[in-house]
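J.: Each chain, written out:
2 protein chains.
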Amino acid sequence: MTTTPIISRTQRELRGQLAEWRGSGDRIAFVPTMGALHEGHLSLVRLARKKAERVIVSIFVNPTQFAPGEDLEAYPRTEAADSEKLAAEGVDLIYIPLPNSMYNAHHATAIKVGGVATGLETDHRPTFFDGVALVVTKLFNRVQPDVAIFGEKDYQQLATIRRLVEDLDMPIHIIGAPIARDEYGLALSSRNQYFNAQSLAKARQLNTIMFDCAESMERGANVDRAAEDAAQALLDAGFSGVDYVQVRSKNSLTVLEGGVLNKPARLLIAAHCDGVRLIDNCAVNVKK
Amino acid sequence: MTTTPIISRTQRELRGQLAEWRGSGDRIAFVPTMGALHEGHLSLVRLARKKAERVIVSIFVNPTQFAPGEDLEAYPRTEAADSEKLAAEGVDLIYIPLPNSMYNAHHATAIKVGGVATGLETDHRPTFFDGVALVVTKLFNRVQPDVAIFGEKDYQQLATIRRLVEDLDMPIHIIGAPIARDEYGLALSSRNQYFNAQSLAKARQLNTIMFDCAESMERGANVDRAAEDAAQALLDAGFSGVDYVQVRSKNSLTVLEGGVLNKPARLLIAAHCDGVRLIDNCAVNVKK
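In order, the protein sequences belong to chains Y and B.
Position one of the first sequence corresponds to residue 1 (our numbering), numbered consecutively onward.
Position one of the second sequence corresponds to residue 1 (our numbering), numbered consecutively onward.
FYI, nobody ran anything at the bench for these hints, they're computed from the structure.
Certain hints may be false.
As the list claims (entries may be wrong) - Selected chain Y positions facing chain B (Cβ under 7 Å, derived; list incomplete):
#1 Ala87
#2 Lys112
#3 Leu164
None of the values given here were measured: they were computed from a predicted structure.
Virtual Cβ for every residue (Gly too), placed ideally from N, Cα, C.
Turn these sequences into a full structure, and let the hints guide you.
T.: Written out as structure tokens, the structure reads:
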């Protein structure tokens with residue numbers, strides 16, 4: 001089903017194409033990305049294909065979600081390869097906004113989501129979700145999709161975007177897509193390409209430790225103890241630091257009291273492996 | 001041209017009607033209000049009529065833009081009279097969202113506009129524009145107008161909304177409408193109905209003092225001195241307090257250096273008259 005996607009770099013081009021499709025009654029599914037596309041992204045695109053007549057993928061490495069010292073400059077940019085992959089998936093339009101078209105010198109508006117965006121990632125990347133909320137709002141207003149797809153890999157981000165969309169009454173249906181993993185269970189990430197073979201082997205232990213931890217919580221282990229054990233297991237496996245191992249309520253990401261879980265929850269982990277920060281998460285399927 | 005406007009109280013009703021009009025290719029002009037409608041509002045509605053096939057007016061007394069101690073409870077609610085006035089203007093739809101549909105218990109998203117929203121009103125009502133930016137964004141996302149009309153009476157608010165819309169890439173054209181005044185030049189305001197005859201006579205001096213001040217600036221007076229003189233004139237006229245008399249750049253509301261103006265500017269005033277806070281503003285037409 002390879003087609004040649006339209007590549008739009010300006011809002012004018014984008015708007016023209018959108019008007020044509022809307023005029024034909026086509027629904028639009030949108031997958032915002034920062035490029036460096038892998039199978040995880042492509043699984044989102046395939047889901048998007050099922051949801052609407054037209055699929056738009058944006059590629060924009062958003063500076064406002066990187067903190068000073070993070071890998072904004074080093075973040076992989078692979079536009080030609082990305083475009084080929086998207087063509088092979090039958091994407092209709094790739095929107096690659098010109099960097100200086102996104103934030104002009106007079107820009108003065110900030111969006112802050114509380115609740116679900118509190119703690120976890122925010123404890124370690126304090127302005128991350130502010131940057132995500134702003135760029136997602138801008139892209140949504142430019143693309144005006146009916147449906148937008150986000151991966152569960154960034155679970156707190158997905159919850160934050162759901163909150164944002166509901167709170168601001170954006171007429172967009174947000175769909176979460178399951179985490180794509182390699183054959184060893186490592187969650188796919190553009191940052192995995194920073195690893196050599198040895199580091200990759202180490203990184204692949206993260207998911208094993210996480211699923212073990214979730215299973216022990218499902219079997220009735222004390223959640224604080226189980227989380228501590230998982231964090232220790234990560235350090236024992238050679239991870240240089242653990243930002244968090246936390247279990248939260250499934251949808252609102254409420255902090256849960258310690259003890260034994262009595263309702264479905266989500267286990268979320270962030271840890272450092274040879275200079276790369278990895279995040280992962282999984283369901284904890286406790287029966288109500 | 002009296003028609004019977006549709007009154008929508010739920011998003012479902014609103015969305016259904018919007019879809020029908022959009023399907024017919026009708027453009028939509030939107031005038032958000034807090035009700036208590038006067039000729040000032042109706043002048044916005046008449047401008048809206050010229051801009052689009054369909055005119056929607058919302059009535060919602062937005063709690064998030066009132067601070068504790070302000071007149072949220074006392075703010076006049078006159079829905080029946082408002083509806084009659086809007087019917088006489090040929091408004092197509094009046095959107096009166098149910099109060100509890102606007103902010104639910106899980107609401108966690110805030111919007112903050114800097115720049116133009118800094119100082120002036122914000123010095124005296126620190127969360128006012130946060131409340132305005134949030135409710136306007138929500139109403140825009142619900143109504144999805146092509147055009148929205150705001151009065152220049154709330155000049156800093158108009159500038160803030162222009163900034164918000166540009167920064168978030170909302171596909172909406174914002175139009176400012178001139179200030180409607182009574183025969184004595186008093187800017188029309190829903191809060192004017194708080195005045196008795198004596199207070200009204202006092203309030204009517206505000207615009208005279210303001211226009212005199214602008215004229216002296218146009219003739220080359222030192223702006224700081226002219227502003228001080230105007231503030232003193234207000235106190236001499238019986239105003240109980242002056243929040244600000246300030247000249248700012250016309251569009252970006254930049255604070256101007258003292259001295260003599262050398263480009264078009266805006267003079268903005270807020271002052272207290274017998275328990276009512278009045279604001280007003282006017283152009284200062286200095287030739288470049």
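J.: Which of the listed hints are broken here?
T.: Number 1 only.
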